[in-house]
Structures are given as structure tokens and as C-alpha cells.
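Participant: Using the sequences and the accompanying hints, generate a full structural model.
Below, each chain spelled out in residue letters.
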Amino acid sequence: MRCAPMSNNPAGSEANAIALNDVRFSYTPGHSILRIPSLEVPSGRRIFLHGPSGSGKTTLLSLISGILTPQQGNVHVLGRDLTRLSPSARDTLRGSEIGYIFQGFNLIPYLTVRENIALPCNLHAERHNRITATTLTEEVRRIATRLDIHANLDAPVTRLSTGQQQRVAIARAIIGSPALVIADEPTSSLDTDRRDAFLALLTEVTSETHATLLFVSHDRSLAMHFDQSLSLPTINEATTQDAA
Amino acid sequence: MTLLRLAFKSLRSRSLTTTLTIFSIALSVMLLVGVDRLRDAAQVGFSGTLSRTDLVVGARGGGLPLLLSTVFHIGNASNNISWDTYQHFAHHPAVAWTIPISMGDSHHGYRVVSTDENFYEHYQYRHDHHLSFAQGHLPSSLFDIALGAEVASRLNYHLGQKIVLSHGVEEKSIIQHSNTAFTIVGILAPTATPVDRALYMTLLGDEAMHFGWEGGTPPPIGEDAPRLDPSKLKVDEMSAFLLGTKSRVSTLYLQREINTYKPEPLTAIIPAYTLQELWSILDYADKTLSLVSAAVLVVGLLAMLIALYTALNERRREIAILRAVGLHARQIFALFLLESTLIAAVGTALGIAAVYGLLFVLHTTIENRFGLPVALVGLSTRVEIYALVTLVSAALLGAIPAFRAYRNSLVDGLNAH
Numbered sequence: 014m015r016c017a018p019m020s021n022n023p024a025g026s027e028a029n030a031i032a033l034n035d036v037r038f039s040y041t042p043g044h045s046i047l048r049i050p051s052l053e054v055p056s057g058r059r060i061f062l063h064g065p066s067g068s069g070k071t072t073l074l075s076l077i078s079g080i081l082t083p084q085q086g087n088v089h090v091l092g093r094d095l096t097r098l099s100p101s102a103r104d105t106l107r108g109s110e111i112g113y114i115f116q117g118f119n120l121i122p123y124l125t126v127r128e129n130i131a132l133p134c135n136l137h138a139e140r141h142n143r144i145t146a147t148t149l150t151e152e153v154r155r156i157a158t159r160l161d162i163h164a165n166l167d168a169p170v171t172r173l174s175t176g177q178q179q180r181v182a183i184a185r186a187i188i189g190s191p192a193l194v195i196a197d198e199p200t201s202s203l204d205t206d207r208r209d210a211f212l213a214l215l216t217e218v219t220s221e222t223h224a225t226l227l228f229v230s231h232d233r234s235l236a237m238h239f240d241q242s243l244s245l246p247t248i249n250e251a252t253t254q255d256a257a
Numbered sequence: 262m263t264l265l266r267l268a269f270k271s272l273r274s275r276s277l278t279t280t281l282t283i284f285s286i287a288l289s290v291m292l293l294v295g296v297d298r299l300r301d302a303a304q305v306g307f308s309g310t311l312s313r314t315d316l317v318v319g320a321r322g323g324g325l326p327l328l329l330s331t332v333f334h335i336g337n338a339s340n341n342i343s344w345d346t347y348q349h350f351a352h353h354p355a356v357a358w359t360i361p362i363s364m365g366d367s368h369h370g371y372r373v374v375s376t377d378e379n380f381y382e383h384y385q386y387r388h389d390h391h392l393s394f395a396q397g398h399l400p401s402s403l404f405d406i407a408l409g410a411e412v413a414s415r416l417n418y419h420l421g422q423k424i425v426l427s428h429g430v431e432e433k434s435i436i437q438h439s440n441t442a443f444t445i446v447g448i449l450a451p452t453a454t455p456v457d458r459a460l461y462m463t464l465l466g467d468e469a470m471h472f473g474w475e476g477g478t479p480p481p482i483g484e485d486a487p488r489l490d491p492s493k494l495k496v497d498e499m500s501a502f503l504l505g506t507k508s509r510v511s512t513l514y515l516q517r518e519i520n521t522y523k524p525e526p527l528t529a530i531i532p533a534y535t536l537q538e539l540w541s542i543l544d545y546a547d548k549t550l551s552l553v554s555a556a557v558l559v560v561g562l563l564a565m566l567i568a569l570y571t572a573l574n575e576r577r578r579e580i581a582i583l584r585a586v587g588l589h590a591r592q593i594f595a596l597f598l599l600e601s602t603l604i605a606a607v608g609t610a611l612g613i614a615a616v617y618g619l620l621f622v623l624h625t626t627i628e629n630r631f632g633l634p635v636a637l638v639g640l641s642t643r644v645e646i647y648a649l650v651t652l653v654s655a656a657l658l659g660a661i662p663a664f665r666a667y668r669n670s671l672v673d674g675l676n677a678h
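Chains as they are written, first to last, in our numbering: chain V, 14 to 257; chain S, 262 to 678.
For the record, the hints were derived by calculation from the structure and aren't laboratory data. Note that the structure is a prediction, hence the values are computed from the model and not measured. For every residue, glycine included, the Cβ atom is placed at its ideal position computed from N, Cα and C. Among these hints, one or two may not hold up.
[Said to hold, decoys possible] Per the computed footprint, the stretches of chain V lying under chain S, defined by three or more beta-carbons under 8 Å from a beta-carbon of chain S, are: (1) 76–82; (2) 99–105; (3) 112–118; (4) 134–143.
Facilitator: Written as C-alpha cells, this is what we have:
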């Protein structure tokens, strides 16, 4: 397992999909959750970020996706310094350039599978413009076929199995080819067989759209599926400090 | 646009709660608007009871009792006025027409009004509506009688039937005018005014009925009433009369002249003014009803608030997903606000539509049964204000769960489980 590749590519923020620099974050003053001197994720790579529960994984992902801003330091995502963007500019960047997959219950319950998948394209013109099929309906069908959920397109999401729901989440995360796909423990609700199939599918489709994949889990055994693996307790000095 | 679709679909997915909430708001709006429409109808109907009559003249007394007894047939005239006085004003140069009115007898609780042909010619209601006969003609000979529309339909009477009147106005009178039966010669068309609830005969008919009576009582038992001699009949007095002037300008000075008439103490009232006065008394009841319906509306809106607020917790996950796909926190606020406004808009529209639908279907029934001319009442500014107030209050109340959702979206971020 390798740690934060600090010296790999020091200058080119273009080459890094994600670059954190001297980031400190705390929910309550004087109680740092994250203290990350440096974290770089090169573009187009599939990165596994490991950390036990409570190590600040979701907080880190919230910083990267622009939901939270650090008290100190910079967060560069896809060449943009999030700390210099307004909250709504960060929201727009997240919606148009980042696909996000949650642990479970990834879907809006009152939309059909088709509407759930199409949602980012309906909200963001950039993502709509990047679809490869001629119409959005065709694109949804194409992706759904690729992920083997095309038979359920018009079903209410509550009818789907957990595995199917997670595949719908992949479809929504990759439609309109966002440059970065973040997955936050997406396999914890799946059994081992389905987990491996899910991982294989996720890594395949993200490489098809040339997206950078940041995959977060507490389960180290998943690391072998990825190009590179990082350990949050190692890069986060706040944790070591608290432990000391 | 996407937000509106999301709000709509989200509401539709909770169809039971949404339907119930819409229904409760529709009901409250219906009550509020319904009370308002009926109030307007009541006012139109009420102030239209008597129109184009410039003065109502009776013996000295209060204006309200005079109007109530003469026009609404409620209570009794305090005193009678003499035929000479009536003649004096009937031939007054400023007076265009007069309608004599004499009351005192009844039939099954309905008043009997003795009057002359001027009544059928000059009595007007709701601006310019004249009386007309649905069947038959006006009473012209001594024992002719005409019926108001309600009297005829309730008692199921028809032309040519003979009826006996009771002395006094009680429903079960001990004295019946059984030896003087009257023949129904006419039935008036419905007017939705108190005219429908009375019987009409000639002034001399009234005298004929009481021929041979002394001091308001019939001849003692055993003593026969004298044979009726029509040539000896003459009208001595009457309860009141209605008066129309040649020029409205003279109304006030004529009123003053009547009120200060030396030979007999009289009261003259301007009916439109007194009707207004009477309405302002009755209006209290309506204000109370409006207040109650406003309170019901508040309850309806609170029900909506509760429904939206309790759903918030189970929707945290949904908010996190929407944030993940790039919705701004203020769009989350807007989404929740839209939901409450949509509910209120649909509820208000349904409520108003229901009122007008019901009024459309039931207006003839309401007019016939209650004498309220609801067909004359259109959309009013007040209804528009009610609709607007409902929408604005719903939006204001909706801001509470919306703000909570907004806060959740900031606090939870993508981390809602």
C-alpha cells in the first residue's frame, strides 16, 4: 500500500483531479477532524481510500465535493480551487463534474429508475451536452443496458433489489461523463459475490468515461481492485494527534 | 421547471397525506368563500326586498318596527293611520303613487295583506322587478284573494279553491272568519322576498270580513252578524302605506312633512336606509361565521405544516442525494416551499370551484327555499383576497419546513443516513 504521493507531480494541478494542500477542518473550534498536509489524486486513476469508521472519510469527501470548506488550506478539484468558489458555484461544479455514489438508498424514492438516472442531465446542461447518444432517453437506455438494469427503467425504485439500486446509482454517477466519480462505501450493503461484480462494473464504466474514481471503504480487501490505495489515518495528522 | 416537477412528484408519491391535506385546505377555503358568497347573496336579497319605494309611512313609532311589520310581516304595527290621512298624502302633489297596506288577519300562520291594485302595479323588488301573476289575476271583488308563491306551494292550493281566514296572526287562532270564505283568484310568481309568504285581498274585503264587529270582536254568540251590505262598507283605517315620489329630490322634505303632520302622529322612513340599518345588525352573525371559517382555514394550514414537517426526517436522505447531484441549498428551500404552495394552490382552487359548483347546482333551490338570490353573486374582490391570503400564509408556513430542510442540507451535507 502506498501513501500520499507527495512528490509524484508537484506542479501540475491540471494533472491532479484532486489536490489538498495543508487542509484543516473542524466542526467545533479547536477540535480538528482533518489535518491533511497533502493529498493528490492524479487524473484518470482509480484510487482506493481506506479508513476505519469515524476516521473522517465522509468529512473528507464533503470537502472534496464542496459541501464543506476547510478552515485552512486549499482544496483543488478538477483544476478549480474550491475555497475560492461561492457555495453555489461549488454546488454547480459538483452537479456537473462529479458523480456521487452513496452507501445505500441512493435513489430519490418518488422518481422512476429512468428519472433517477437522468436527473443530473436535467439539472446540468454541461452533463446533458456530454452524452454520447442523440437523446437523453437513448443515453439512459444505453447506460441502463450496459449496467443490465434496462428491464426496470420504468419501475419505481422501491421495486429494485439492493444490487440493482446500486447499479442505478452507478448509472446516475456516470451519465454525462463527469470527470470525477466518488463512491462512499457503496458495497457495504452487498454480499461478497455481488460486491465483486459491482466493483468490476464500476471500475469498467468509469474507465470507459475516463473518469477519476475515488472509492472509499473501511474494507481493505477491496484495495486490489484499484490502481492505487491511500490510507486516511496515515495522511490525516489530526487522527494521529488525537491518538497521541 | 425541474424543481416544480420534483415537487409535484414528491407530493404525488405521498398521495394519501397530500390528498388529505389538500382536502382539508379545500374544505376550509370552501367554508370561508361559501360564507362570504352567501353573505353577499343575503345582502343583495335583503336590500332588494323592497326597491323604488321612497317612503314607508305608519303611525308614530320606531322606524325598524315599521319596516319589519310592513315589509317583512314581522310583529305588528303600533297603531293604525286614518283613511283621511292616507287620502291627504295619496293626493299630495309630490306623490306619484301610494300602496295602502292593512294587516291583522292570517291563514295558517301566513299574513293576510289588504291592499289595492297599486300594490301589483308599483311594488318593486331587486331594483326593477315587478310583481306578476303566475296564475289567475289580481283580487278585484270583495271575497277574492291572491296568494304569494310560497303560500300556494306549501299549502298546495289552487285557483278557485275557497279558504277561511283566521282573525289575528297566530297559527292556531280561536276566531275563524268561517262565514266569510274567500276564493283564490290569483297566485303570484315567486319573488324570493317576503311577498311570497303572504295572502292578498282588497281593502273592502278586509272590511267585509269584519262587518258587524264592534271594537275588534265579533258579535256575541246567539246574536247573528248583520247581513252584509256592500254599499255600507267603507275603509276607515289601515296599518301603513308605501309611497313613491314624483321626483326623488322631494323625498326628504316629504319625509319631514309627514313626520310633522299635525292632524295625526306619523312616522315616515326611507326603506333603503332602514334596511341598511337592519342589515348592520344582522351582519354580526355573519362576521362571527367568517371568523369561525377563518379559524378553520388556520387549522387546515396547520395540518399542512404538520404533514410537511413530520415528513422531513425521512426525507433527509433524499435531500443529501439532491445535494449530491448539485442542487443548491436554496433550491432545497425552494423545493419544499413549492410543495406547500402547490398544496395550498390546489386546495384553494378546489375549494373555490366547489363553492361555485355547488352554487351553480343549488342556486334555484337556495333561491326558492331561502330567498337568497345567489345567482346574482359573482367572483368578488374578497374571494380573490381570501385566495391570495391562503396562498401567502401557506407559503409563509411552508417556509418553516423549507428552512428546516435547508438547514438539514447544510448540516448533513452528503452524510444523511
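Participant: All hints, please: hold or fail.
Facilitator: Verification of the supplied hints:
1. As drawn, the segment 76–82 of chain V meets chain S at 3 residues by the rule of a beta-carbon pair under 8 Å; at three or more, the given contact holds.
2. With a cut-off of 8 Å between beta carbons, the segment 99–105 of chain V has 4 residues touching chain S; three or more are needed, and the interface restraint holds.
3. With 4 residues having a Cβ less than 8 Å from any Cβ of chain S, the segment 112–118 of chain V passes the three-residue criterion, so the hint holds.
4. Restraint check on the segment 134–143 of chain V versus chain S: 3 residues with Cβ-Cβ distances below 8 Å, three needed, restraint holds.
In this structure, none of the earlier numbered hints is contradicted; all agree with it.
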